[in-house]
Amino acid sequence: MRITCPLCGDRDIREFSYRGAATDMDRPTADAGAEAWDDFVHNRENPAGPTRDLWYHEGGCSAWLVVDRNTISHEITATTLASKIKGAAK
Amino acid sequence: MRYSALKVLTQGLTGNKGWTPHWRDPEPKDEYDIVIIGGGGHGLSAAYYLAKNHGLTNIAVLEKGYIGGGNVGRNTTIVRANYFLPGNSEFYSHSLKLWEGLEADLNYNVMHSQRGLINLFHSDGQRDAFARRGNAMINQGDDAVLLDREGVRKHLPYLDFDNVRFPVYGGLLHPRGGSARHDAVAWGYARGADTRGVDLLQNCEVTGIDSKNGKVTGVQTTRGVIRAQKVAIVTAGRSGQVAAMAGMRLPVESHVLQAFVTEGLKPCIDHVVSFGMGHFYISQSDKGGLVFGGDLDFYASYAQRGNLPMKEHVMEAAMTLMPMIGKARVLRSWGGIMDMTPDGSPIIDKTHIDGLFIDCGWCYGGFKAVPASGYAYAHLIATGQPHETADKFRLDRFRTGHGLMDEEGTGSQHNLH
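Protein chains in written order, with my numbering: chain D, -7 to 82; chain G, 3 to 419.
Keep in mind the hints are simulated off the structure, nothing from the lab. As the structure is a prediction and not an experimental result, all values here were calculated from the model. Each residue gets a CB set at the ideal place from its N, CA and C atoms; glycine is no exception. A couple of the hints might just be wrong.
Listed next, the in silico SDA-like pairs over lysine to any residue satisfying Cα-Cα at most 20 Å (straight line) [said to hold, decoys possible]:
#	chain 1	residue 1	chain 2	residue 2
1	G	313	D	70
2	G	313	D	73
3	G	31	G	198
4	G	99	G	129
To be clear about the criterion: a stretch of chain D counts as covered by chain G if any three or more of its residues have a C-beta under 8 Å from a C-beta of chain G, and this derived list gives those stretches [as the list claims (entries may be wrong)]:
#	segment
5	-7 to 6
6	11 to 25
7	31 to 37
8	62 to 71
Going by beta-carbon spacing under 10 Å, a handful of chain D positions derived as facing chain G [to be verified]:
#	residue
9	40
10	45
11	75
12	79
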């Protein structure tokens, strides 16, 4: 697997560390309640097919990336700066 | 189908034409008392113990592929009871005892071989941690021997004891640890369940779980609708998809774990050797292949194959630990899909739907748990109460924070196990 970092270009997967499903992009508010936080911290869609992951470009530009990836084929269809998605939501 | 020396002899002399299948290939009935989703090791052993311990036989095991074709055929066959935490400790201890009686119980040769497992350590701090773990194992009633460097050398003379980064300080020997033949375990439990009347339905994929007024009523499958009083999910890496059919989101993320086998060699590795600092473990199969593996690829995957960086990492760890392995040639590699929980420990519990049960979250340790998981799951399904060896495997422990079993001590979070 290779990931195309929007800032650094096409890079080996070893430069990146994996955070998990991109749930952090939709973090509950502090007063959302225990159930919402439990769901956010622990429960996962865990899809077999298209998914959205968060990767950290540890060995490169230190950017957090949202990666659209297929968990069956390992194909990567899009890579976006997390800050860009987070910024657009505001 | 039963075997005897006489039968092998007479079949050998008459062209081996009299062997019959191990189990029936029945048509699905419209209704069963219990439907088990997943014909892997855990599902088959659950069916077996439901029949044997609880006298329940109106059961179907639904397998989307073929018996032995899932994770039970894609692992590295290690059997051990060297857990530390209450909850895990008594469960795996029970499982090892079941393993020790399994061949007699099933009348089937699962090639269970208690060749001893050695966990290596490489620092004073690690020695203390292993001494503590060994004491916990002995307190649980299992066996552990703390070996110093020379003690390890007697067992494993081929290691690089003076490796600059990871000099061998010693090891924790678990004499009753070892391995077994994975396919035979599936076949033995399948035959045992089938002869007691359980229907094993292969090529039967579940596509929906039906419930009414909060009570489960049956399943939709590729071979038609099957009604059931109770439905038991036990689908390992695919738990998320099956649970979603019942409207559940699980604390599970599925990851790929790779393993490797070399060409057949003469006996050279007599134990199971675990090199935790290098994320590497190895044993030698009875066919002679060196079977070894490492850590997860560390990204969610259902691909049943991994990427090259982890292969390289595992090979480097192998060369670090035992340079002689450089002479061996890798025959093939494969990946299994692991249902990873945040704390690295499993779940055997009821669900929010009456009559629907779930057994999942075995992470990368499901094989050794096959007997005790099925045993405990059968008890839960039959009686509605958790078995005493598995009553800590609660689904709600993540929500409440009570009873988390983080064996590695790295934190209860998805990307840490």
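Tell me, which hint numbers fail for this structure? Of the numbered hints, 1, 2, 4, 11 and 12 do not hold.
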